[in-house]
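Please arrange chain X on chain Z, whose structure you already have, making use of the hints.
As you go down the protein sequences, you meet chains Z and X in turn.
Taken in order, the first sequence gives residues 0 to 241; the numbers are from numbering that gives the first Met the number 0.
Taken in order, the second sequence gives residues 0 to 241; the numbers are from numbering that gives the first Met the number 0.
Be aware that a few hints might be false.
Treat identical chains as interchangeable: a pair holds within one or across any two.
[Claimed, not checked] The calculated DMTMM-like cross-link candidates involving lysine to aspartate or glutamate, where the alpha carbons are at most 25 Å apart (straight line), are:
1) LYS37 - ASP152
2) LYS21 - ASP73
3) LYS217 - GLU85
4) LYS21 - GLU96
5) LYS37 - GLU96
6) LYS201 - GLU220
These aren't lab readings, by the way, just hints derived from the structure by calculation.
Protein chains: 2
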Amino acid sequence: MNKATIYGIGLGPGDPDLMSVKADRLVRRIKNVAFFRKAGRKGHARTIVEGLLPMGAIELPMEYPVTMEISVTDPQYNALLSEFYEECKKKIASLSEQGHEVAILCEGDPFFYGSFMHLYTRLKDTHPVTVVPAITGMSGAWTASGAPITWGDDVLTVLLGTLSLDELQKRMANSDALVIMKIGRNIEKIRQALKASNLYQKAYLIEYATMPQQTVHKLSECEGRITPYFSIIIVHGQGRRP
Amino acid sequence: MNKATIYGIGLGPGDPDLMSVKADRLVRRIKNVAFFRKAGRKGHARTIVEGLLPMGAIELPMEYPVTMEISVTDPQYNALLSEFYEECKKKIASLSEQGHEVAILCEGDPFFYGSFMHLYTRLKDTHPVTVVPAITGMSGAWTASGAPITWGDDVLTVLLGTLSLDELQKRMANSDALVIMKIGRNIEKIRQALKASNLYQKAYLIEYATMPQQTVHKLSECEGRITPYFSIIIVHGQGRRP
Numbered sequence: 000m001n002k003a004t005i006y007g008i009g010l011g012p013g014d015p016d017l018m019s020v021k022a023d024r025l026v027r028r029i030k031n032v033a034f035f036r037k038a039g040r041k042g043h044a045r046t047i048v049e050g051l052l053p054m055g056a057i058e059l060p061m062e063y064p065v066t067m068e069i070s071v072t073d074p075q076y077n078a079l080l081s082e083f084y085e086e087c088k089k090k091i092a093s094l095s096e097q098g099h100e101v102a103i104l105c106e107g108d109p110f111f112y113g114s115f116m117h118l119y120t121r122l123k124d125t126h127p128v129t130v131v132p133a134i135t136g137m138s139g140a141w142t143a144s145g146a147p148i149t150w151g152d153d154v155l156t157v158l159l160g161t162l163s164l165d166e167l168q169k170r171m172a173n174s175d176a177l178v179i180m181k182i183g184r185n186i187e188k189i190r191q192a193l194k195a196s197n198l199y200q201k202a203y204l205i206e207y208a209t210m211p212q213q214t215v216h217k218l219s220e221c222e223g224r225i226t227p228y229f230s231i232i233i234v235h236g237q238g239r240r241p
Numbered sequence: 000m001n002k003a004t005i006y007g008i009g010l011g012p013g014d015p016d017l018m019s020v021k022a023d024r025l026v027r028r029i030k031n032v033a034f035f036r037k038a039g040r041k042g043h044a045r046t047i048v049e050g051l052l053p054m055g056a057i058e059l060p061m062e063y064p065v066t067m068e069i070s071v072t073d074p075q076y077n078a079l080l081s082e083f084y085e086e087c088k089k090k091i092a093s094l095s096e097q098g099h100e101v102a103i104l105c106e107g108d109p110f111f112y113g114s115f116m117h118l119y120t121r122l123k124d125t126h127p128v129t130v131v132p133a134i135t136g137m138s139g140a141w142t143a144s145g146a147p148i149t150w151g152d153d154v155l156t157v158l159l160g161t162l163s164l165d166e167l168q169k170r171m172a173n174s175d176a177l178v179i180m181k182i183g184r185n186i187e188k189i190r191q192a193l194k195a196s197n198l199y200q201k202a203y204l205i206e207y208a209t210m211p212q213q214t215v216h217k218l219s220e221c222e223g224r225i226t227p228y229f230s231i232i233i234v235h236g237q238g239r240r241p
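Only chain Z is shown next, with the shape it has when bound in the complex (with noise of 0.2 Å):
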């Protein structure tokens, strides 16, 4: 029997209505529907696609091991997710090989960052495998942030708060527009570096961007604030305007 397609789909930032058009159609048509999350949660890009997929679909959760509990420097976190990983993609090659299309739901863009590109890389050269784009988390927070992220020539940078105080200070340096991810508990040493980087005034705060719980908020006016998972911190760049 042929291996069928499995599909890396990006679900975009979180507003259904910003699925592709190829998303779209791809969530309504295949039964069979892999995603990740957390222990215990819904699972963000399943909560997407809510209301969506077809009758009889066929749910896959893929419930992570670990996510803050050992640090990614550890050398077990590796190892833990590694086979974790492993077990995810023999599921998914499984049903490619009986013949069935499998649909890997994936929040954002499946090649920026996120999980999807564990699974991609163990099926890629064995199976079928198709990714269709989407707009990313960032895109949707400087949309909502009501003002163009870079003019002209203006450099972008994208950084996770996960980075050094020192590795975050000397990136930010060096660029003119800002996109920071992964905020989370590193919210202060961000806060940290935008300050010592003369930025921590023209930072913004995205909280839910595209989703009905959205916010937008200067980020030196919430002082103290805890930051839910899907926030975003941008700098707007500042170039030519004629």
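Relative to chain Z, chain X alone:
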């Protein structure tokens, strides 16, 4: 009469199937359709929506007075462009004031480089403007490359080929993953910067991402090639991968 909404509609990288569900719906409904183009060309944004516009659509092409004839550093460039955007703004504002919705078609994402923002800043305080984000050209390019652009904590930097050799090198040294846009006549300068940064052998050139003419090459394998406007160079990140 109430002013009607002006929509800045991101159309994505080129494949009409990669437009968002929301963009697709708006483009099929709104009769007044404005878009930028080079004089004498059909216009890329207009091409993406071919066959989708509603019966009786009224097209409003906005033709740049200059493209590459004058350097962007020449003060005359700014003056000409500024006058041009002012006139476009007046036409669109007038339609809105007469109660007609307007769709402004944008290649890629409206707030990520591009010309739409020059209309947006002139309209946003006096007229209702809604911006629809989209898949960026760079997402289209890294998806075409068949490999994820960023892993783990990778830093991504987006550079324009119009920057000086010095600037390009300085920014390249401070990143893990790279996207370089606006290539055209800057290709030799970009090659030189990549070579000096030891990234030349890792760089890919993607032309016409997501379009029927799409090509993907190692940059080092296309010396002397004339690159079309829709080209993007990428260097993939090498971050953590359990």
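For each hint, the structure was consulted:
| no. | hint | in the structure |
| --- | --- | --- |
| 1 | LYS37 - ASP152 | between (40 Å within a copy, 20 Å between copies) |
| 2 | LYS21 - ASP73 | neither (39 Å within a copy, 43 Å between copies) |
| 3 | LYS217 - GLU85 | neither (42 Å within a copy, 30 Å between copies) |
| 4 | LYS21 - GLU96 | within (24 Å within a copy, 35 Å between copies) |
| 5 | LYS37 - GLU96 | neither (27 Å within a copy, 49 Å between copies) |
| 6 | LYS201 - GLU220 | within (11 Å within a copy, 42 Å between copies) |
In this structure, the earlier hints numbered 2, 3, 5 are contradicted, and the remaining ones agree with it.
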